[in-house]
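Trainee: Sequences are here, hints too, so could you generate the full structure?
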Amino acid sequence: MAKNNPKISPALAKNIRRNFVERLIEIALMLSGIVAILITFGIVFILVTESFPFFEAVSLKEFLTSTVWTPNFERKNYGILPLVSGTLTITGIALLVAVPLGTITAVYLSEFASHKIRETIKPVLELLVGVPTVVFGYFALLLVTPLLQKIYPDLPTFNMLGPGIVMGIMIVPYIASVAEDAMRAVPMAMREGAYAMGATRFQTAVSVVMPAATSGIVAAYILAVSRGIGETMIVAIAAGQQPNFTFNPVESAATITAYIVSVALGDLEHGGIGYQSIFAAGIVLFIMTLSLNILGQWTRKKFTERY
Amino acid sequence: MSKVTGHEDNLNAIRALIKKHKKNDRIFSYIGLFIIGSLAIALLILFLDLVIDGYPKINLEFFSNFPSRKPEGAGILSAWVGSALVLIVTFFVAVPMGVASGIYLEEYAKKGWFADLIEINVANLAGVPSIIYGLLALGLFVYEFGLGQSILTAGLTLSLLMLPIVIVSTREAIRAIPVHIREAAYAVGATKWQVTLHHVLQYAMGGVLTGIIIGMARAIGETAPVITIGALTFIAFLPPSPVTDVAPFFNFAWLEAGFTVLPIQMFNWISRPEHAFHINAAATGAVIIILTLLMNGIAIKLRYSIRKKIKW
Chain F
1 MAKNNPKISP ALAKNIRRNF VERLIEIALM LSGIVAILIT FGIVFILVTE SFPFFEAVSL
61 KEFLTSTVWT PNFERKNYGI LPLVSGTLTI TGIALLVAVP LGTITAVYLS EFASHKIRET
121 IKPVLELLVG VPTVVFGYFA LLLVTPLLQK IYPDLPTFNM LGPGIVMGIM IVPYIASVAE
181 DAMRAVPMAM REGAYAMGAT RFQTAVSVVM PAATSGIVAA YILAVSRGIG ETMIVAIAAG
241 QQPNFTFNPV ESAATITAYI VSVALGDLEH GGIGYQSIFA AGIVLFIMTL SLNILGQWTR
301 KKFTERY
Chain V
308 MSKVTGHEDN LNAIRALIKK HKKNDRIFSY IGLFIIGSLA IALLILFLDL VIDGYPKINL
368 EFFSNFPSRK PEGAGILSAW VGSALVLIVT FFVAVPMGVA SGIYLEEYAK KGWFADLIEI
428 NVANLAGVPS IIYGLLALGL FVYEFGLGQS ILTAGLTLSL LMLPIVIVST REAIRAIPVH
488 IREAAYAVGA TKWQVTLHHV LQYAMGGVLT GIIIGMARAI GETAPVITIG ALTFIAFLPP
548 SPVTDVAPFF NFAWLEAGFT VLPIQMFNWI SRPEHAFHIN AAATGAVIII LTLLMNGIAI
608 KLRYSIRKKI KW
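Quick note, the sequences are listed as chains F and V, same order.
Here the first sequence is numbered in the numbering used here, starting from 1 and rising by one per residue.
Here the second sequence is numbered in the numbering used here, starting from 308 and rising by one per residue.
Hints in this document: simulated from the structure, not taken from any laboratory.
None of the values given here were measured: they were computed from a predicted structure.
Careful: at least some of the hints might be erroneous.
[As the list claims (entries may be wrong)] Below 25 angstroms or equal to it, Euclidean Cα-Cα: the simulated BS3-like pairs (lysine-lysine) are:
hint	chain 1	residue 1	chain 2	residue 2
1	V	Lys330	F	Lys116
2	F	Lys14	V	Lys499
3	V	Lys417	F	Lys302
4	V	Lys417	F	Lys301
5	F	Lys122	V	Lys615
Mentor: Shown next as structure tokens:
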């Protein structure tokens, strides 16, 4: 009927207008959703295009295998390995601190703590995750390293041990909270089964809950590694800016992130090789953290599907 | 007789075993408490040390003086003003965009590869190191778009960091709302957008707010991306005021101004060898810590009170 009549009723016109507005809003919302995709593509695009000239000047072989990184010397040499070794050493120290402490905290909170204690400690953990890393850098350089120097007098002011330990303390709440979530997700029936067999809390935690939550706990470790690798301010402040191919924690060394900061603090010449080199370093950092994040999420997902 | 004693022995052995295992339980419980306690004490000592070191500096002058070569008279005026202006930009970019994405993913997007793609991207962006955002901003905002090393660039950069936090918290808040709230609104003839705006978003507000506060707290403390875009570490002037005394009473010239922020000022003072500057750094650190802990505390309190209050 309405089709034959050129004059549509006001109610119908209102309907059409309404549907049109609804559609516009949906499109606007979708565009906001797409921004997340655009940012990812933006990161990849910028990292690749800005470092492209760098890889024309420096061969990929030199970049990946040379153990000398001397962008400021007369004889410039760009081998990423010293930066990678610094990054891995500090992250390794951090994990040595954070994995045992974080796991025990998680087991305690999930299996042992009373409701009241858990409800008090959990918010505090969440609070600690929000502490800015520049503050942890201050602790590493001005409190922890001087303390370590009392025990080991030969320790230089800039070293990897101090920032590694502080980074570990920083990561503990993170591991604890992700691992605790994983263990709490284990069904109560499994614990009750263990208790019915006469197992104690500790036995239940170690031989029933933890194996069932393995992938969640491992995911917590993987995501913690990724955080450590990407951490910037603690290492930029306390580990030194000197690229140094070493795994010795009592030496000073620069990480990938610390190198980017040290270049950015100087005069950046847009298009210069120094400028391009931080994007090349950024690609390495991005690939390392992205693959760890994907691995971590995959592990965690595998775990949630099981129950 | 011997049978009975054997029985007794067995019983005693079992009792001893139970006792031993119970002891293990207690030991682990103490270890757990000890670790959490010593971590808490260690962090408390660190924070107290920061506050005690910085305390003599924290006065009105510290907030109203520019940084200076002389540590005694140096203050954080340009830093806190810079932080505040950058946060304004971050807020107005990240909040609408993050909430809109969250609404789209939960209420509008149909299950399929497209929604999955956005979801995967959001999850990955949350794990990208902040310094990578700094590199993105350096290449894209500073040079590609020609925005320079300005407050606008810094605000946009930090909003990229805040975006995943706002999206995730919006989604979680929306997901907790039962479907019958929506059905009731649809039943009286509301359109999808009306349902979303008038009902879903209203109930989700607390959760969304939590995410916004946590994101802003993170933006205050972020240092690496702001350094990477080339923010200056020594600024002895203020950007033009956003509010003027002639009509239309506001201007946007401040967006293009050079700036510094609180954590960069702190970083700058830590890097100096003189001890007097370290005291300034401690004072700045105390200001940052108190701000972020306060904001996070409010957010966490808000989340717990929502969890308790709402019973569908």
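Trainee: Now tell me if each hint is right for this structure.
Mentor: Here's how the hints hold up against the structure:
1. V:Lys330 - F:Lys116: Answer holds: Lys330 (chain V) to Lys116 (chain F) is near 23 angstroms, not above 25 angstroms.
2. F:Lys14 - V:Lys499: Roughly 16 angstroms separates the two Cα atoms, so the pair holds.
3. V:Lys417 - F:Lys302: Judged against 25 angstroms, a Cα distance of about 24 angstroms means the pair holds.
4. V:Lys417 - F:Lys301: Since the Cα atoms of Lys417 (chain V) and Lys301 (chain F) sit roughly 21 angstroms apart, the hinted pair holds (cutoff 25 angstroms).
5. F:Lys122 - V:Lys615: 16 angstroms, holds
Comparing the model with each earlier hint shows no violations; every hint is respected.
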